[in-house]
Amino acid sequence: MKVFLKTLQARLRDPRQFSVKSPDRICPICGYEGRFLSLGTPPRWDGRCPNCSSRERHRLLHICLEREGIDLTDGRSILHFAPEGYFRKMMGDSPAYHTADLVPGKARHAMDMADMTFDDNSVDVVIANHVLEHVPDDKKAMRESLRVLKPGGLAIFTVPQNWARAETYENPDVTSAADKYAHYDDASHVRYYGRDFADRVTEAGFEVTEWRLPPEEEPKYGLFKQDIIYLCRKPA
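Numbering (our numbering), first residue to last: 0 to 235.
If you're looking for bench data, these hints aren't it; they were derived computationally from the structure. Take the hints with a grain of salt, since some may be wrong.
Computed cross-link-like contacts, DSS-like style, restricted to lysine-lysine with a CA-CA straight-line distance of at most 27 Å [what the hints assert, rightly or not]:
hint	residue 1	residue 2
1	Lys219	Lys88
2	Lys88	Lys138
3	Lys138	Lys105
For clarity, every value in this text was computed on a predicted model and none was experimentally measured.
Given these sequences and hints, build the entire structure.
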């Protein structure tokens, strides 16, 4: 019934997505198999699972953690910025799972990623899934992530990237929502990352591994092409 209702709502919101036949997708989070739905503006067809509402980046992160054998439910301390609903559900009420958001009331801690209130060497994992593109001083946020991590700790970063750009694009004159949308493809973003993202994280002091699903598997799960998860280790 849930899938039926979400599909009906999607048909009313964006009927064009049903004008062409879409191949069935698989959601690695909830196990749903079938047609995915559109989301976003402009609509991204096949972006949302109609059963659990996961987006592309949620499914990619789930696959990455599973295939890399990273079990975040094993009691290690986690600091998660702008946490996704499915992740909250997975972690439950674990006292070691700390959520954070700039907006008070949206998470356990009201905190700026570029000005963390956690002690040095105090957490095992930092997660920021499509967050850094919203942070005015992203380099400081990366350094703060390094600071609060324990030696050998892991930061998991994902960002939207423009693979046609060698370097990240930032323009201080772009301030209005309309201009941000025109320049960065989103009214809430403050930059558009290029192929140099790993270099920026490395400059902050991390040891960076780029993780990508084999390209032939991306369509099966309704993922973006060339989407990368950055597994960033603090040197031991």
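Do the hints match the structure? See the list:
1. Lys219 with Lys88: holds, 24 Å
2. Lys88 with Lys138: violated, 30 Å
3. Lys138 with Lys105: Within the cut-off at roughly 24 Å; holds.
The structure is inconsistent with hint 2 alone, although it conforms to all the rest.
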